[in-house]
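Starting from the structure of chain B, add chains W and E where the hints point.
Chains as they are written, first to last, in our numbering: chain B, -14 to 131; chain W, 856 to 1398; chain E, 107 to 331.
Bear in mind the hints are in silico, worked out from the structure with no lab data behind them. Please read all numbers here as calculations on a predicted model, not as lab measurements. Where is the CB? At the ideal position from N, CA and C, for every residue including glycine. Do not rely on the hints blindly, as some may be mistaken.
Derived DEER-like restraints, expressed as beta-carbon distance ranges [what the hints assert, rightly or not]:
#1 E:138 <-> W:1091: 42 to 48 Å
#2 E:170 <-> B:29: 52 to 58 Å
#3 W:1353 <-> B:17: 45 to 51 Å
#4 B:22 <-> W:1310: 46 to 52 Å
#5 B:12 <-> W:1391: 58 to 64 Å
#6 E:238 <-> W:901: 34 to 40 Å
#7 B:22 <-> W:1091: 19 to 25 Å
#8 B:12 <-> E:235: 37 to 43 Å
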Amino acid sequence: MRGGALPLFAWGALLLVLLALNWIWTGDAIQVGSFAFAALVIIAGGALLALRSREALRGGPPRVSRTRESVPQTSFAAVLVGLSVGAILFGLTFGRFIVYFGAGMLVISLGRLALELRAERASRRGTQDGPQDTGGSARAGEGRPG
Amino acid sequence: MTTAAPAVHGPTRIPGVLGALTSTDHKRIGLNLGLLSLVFFLVGGLFALLMRAQIAQPDVQFVSDQTYSQLFTMHGSTMIYLFVTPMALAMALYLVPLQIGAVSLAGPRLALIGFWIWLSGGLVMQSGWLTGDGAGRDGWFAYEPLANGTNTPGVGQDMWVIGVMLAALGMTAMAACVAATIARRRAPGMALLRMPVFTWTALVSVLMVVASFPVLILAMSLMYIDRHGGHIFSGFNGAIDYQDLFWFFGHPVVYVMFFPYLGAAAEVVAVCSHKRWFGHTAFVASIMAFAALSMSVWAHHMFTTGGVTNQYFAFTSTALVVPAGIEYFDMVGTMVGGSIVLRTSMLFALMFFIQFLIGGLSGIFLASPVLDYHVEDSYVVIAHFHYTLFAGSVFGFFAGVYHWFPKVTGAHLRDSWGRIHLVLLAVGTNLTFFPMFFLGQDGMPRRISRYPAHPGWGTLNLLESIGAGIIALGVLSFLVNVVVSLRRRQPAGDDPWQGHTLEWATSSPPPAYNFELPLPPIRSYAPLLDRRHEQLDRAGASP
Amino acid sequence: MVQVGLLAPPGALVDTRHEYDHLFSIYVPIAVAVFALVVLAIGFAVLRYSRRAPSQAARWHEHNRLEGGYALALALVVVFLLYLTFSAEHRVDTVAAHERPALTVDVTGAKWEWQFYYPAYGITARSGTVGRQPLVVPVGEAIRFNVSTIDVIHAFWIPQLRYKRDLIPGTTESATLLFDRAGSFPGQCAEFCGLRHADMVFTVRAVNPAQFAAWARAGGKGVPS
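If we strip away everything but chain B, and leave its shape as in the complex, we get (with noise of 0.2 Å):
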């Protein structure tokens, strides 16, 4: 397999064949059902890494970018947002008050993160012409919580 994806499919495939045998073996329901839900992550992870190395491939020796991203190295968002979700379970075991708090906050650091991402891919586009740089950071803005 180019890219050398092959091990992560070989992975997949012995996953495959351990939860067959569970199947016939043990026939539980829970078990067989985790098992699945897991061998289809590695199976896309592996499907994933594999469409995605073909930029690796081109060999050579790699570029190193001039022009750095223009990209804030900070984000009070992603904290915020972080934060949040955490108030919002805590909250269930403290007082619904701090839920409801967690909820406010969730909002308003989500939309300051949508913010954020627009803004990076706003200076994104301004910077396309650059230099040719390195295949990380052409897309160092692509990024996506969620």
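Relative to chain B, chains W and E alone:
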């Protein structure tokens, strides 16, 4: 709604603590996660010391039974959910982008969100101590129906459930980022089979996290509902169903807590032997088999329940011998023919392999139902999983710390303190955990806060408690080493060990976007070693 | 019934202690040998290959055929271990379950006590936080234990027999066990079951069948010595 859009072309870094806590730089997130995990390691270690004080001698009452059950619950939970697993992710977050020549994470904000969710989980779990009925007290796997609302009422156990859920959610998010980074950010030339050993172990771990942690989140959600009048697990077979769900997460996670440390120890052995890792392809293949099997062995925790098909799980569990044997073969194969330097990191790596071997070999015993019928839930199991989970992570972790500390900080750790650290940790580990094999064989169950004065039990337990103290001294000597080494720095340079992988091709510590110099060509999993060999050959050809 | 055990004489009652000790005595030397082999290999490599100039380090890094053969050898070891394990497991789980028991005891776990009920004699003994009445059993006879729980999971463990069984809510599991010698043996709950888990203990008093019969005839009064 906020007013201004975030500054796009403004300053990309905010100085100070605030900047460090909100940074989307993978190195910063990795370091934050690692440092906080280390704090939780100290907390969990303190719980262990208190437990060892209680059971150092028969028939004493140093802490109450209630407190003791909270101590072992929080010791296990802290170590597993808040130290060993997140520390493995922290190493992956810091090192993987560097090793594959990437300038940043894919989805750095998701990683940051995940970090804060995980931290909230840790804080919620620990804040159970502040509640009236104390922290979680049903063990780190909180079996139903013991953990339901009738048998364990109280908000402390709820906080444990929520804490585990949050920690798992956060770690899943961070793991997904590492997987996405490997999928999308590899430098040209970095084909999957050219990825270094550590990156491969990290990739397998993060995929296992993504595949198995959701099942834990599901189990915890169901438990929360169950505790609040849901009666999820009180029906027919509910107790077994919970165990199936829990261990479907619970066994893969022990390999998540092993693979990255194995990868770290492997990198150290290769670099300190001046020879690339032996049998890279076979190793990768064996890791795949390892991972596939490790996701299918979970019910060997349930041999004594009578509710699972023991033969299937005995088969998969024993089959783990094959991939594990390959790792050891490759480790020895790397050293043979090399030029070995016994640095502190190398000593830790070799100790990692030796100590884990005790855990692994005892694991083969536990894979046999007939042997397991006796030793399940006894101190034999405690010994086994501390040789694998504690020795099999911490020795690899410290090997990695001594190896990569110069990269992360630009300064060397002291070798003198490092040797003291190694000796204390090795002596302490074996003194604490080896006698447990005899205790368990002799019939001492785990999780009892008191025991009668059976012949030999007092002596063995006292030895173990002394060993625990020695481990604590070992960890202390490590902390001293870090402080001394950072106070009076011995500059390390960019590549102090003649490293093999791309993280040694940048400055120490690496700059904001990792690489400022052009990367060397990537033609194998040890590009810097290739370059060194070419230079040697050229010098040899034209003397 | 197919006789699978390696050393067990055909027709003999399954003895869990014997099965465990037999299997254990094969596993231990293998484990010790593997451990010694690996440590020796590491020691050899360190002694032989340290203090050489880095430029002298070999460059070979693969030998897939050797590794393949090695993996095959490991797989054979796995097959051997599984054969032993499956044979023993077959005897302990299946053969034992088909034995005709000389005595049946219903074991009920509760927080934090054991109740041993002898249906043939109408005797009940209790042990744990409520007291310490022994579980009296005859030596050399197959005894069927039907284990269940009224609340959480407990585990019925008799270290002397190298055997335990979990008590799972909603089900009754059974185990057929054999005491091969007379004496007093400790037993304990092995699955954490809450606050006083440590006190959920009992004592087995294994006596010869005649003594047992006398004890049972007396309605469980007095403990045979």
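Satisfaction of the hinted span 46 to 52 Å by the C-beta atoms belonging to residue 22 (chain B) and residue 1310 (chain W): 50 Å, holds
C-beta pair residue 12 (chain B), residue 1391 (chain W): status relative to the range 58 to 64 Å that was hinted: Holds, at about 60 Å.
Consistency of beta-carbon spacing, residue 1091 (chain W) to residue 138 (chain E), with hint 42 to 48 Å: Cβ of residue 138 (chain E) to Cβ of residue 1091 (chain W): about 45 Å, so the range 42 to 48 Å holds.
Satisfaction of the hinted span 34 to 40 Å by the C-beta atoms belonging to residue 238 (chain E) and residue 901 (chain W): 36 Å, holds
Beta-carbon spacing of residue 170 (chain E) to residue 29 (chain B) - inside the hinted bounds 52 to 58 Å or not: 29 Å, violated
Pairwise beta carbon distance, residue 1353 (chain W) to residue 17 (chain B), judged against the given window 45 to 51 Å: Given a distance of about 50 Å, which is inside 45 to 51 Å, the answer is holds.
Assessment of proposed distance window 19 to 25 Å (beta carbons of residue 22 (chain B), residue 1091 (chain W)): 23 Å, holds
Cβ separation of residue 12 (chain B) and residue 235 (chain E), checked against the hinted range 37 to 43 Å: Holds, at about 40 Å.
In summary, the one numbered hint that this structure violates is 2.
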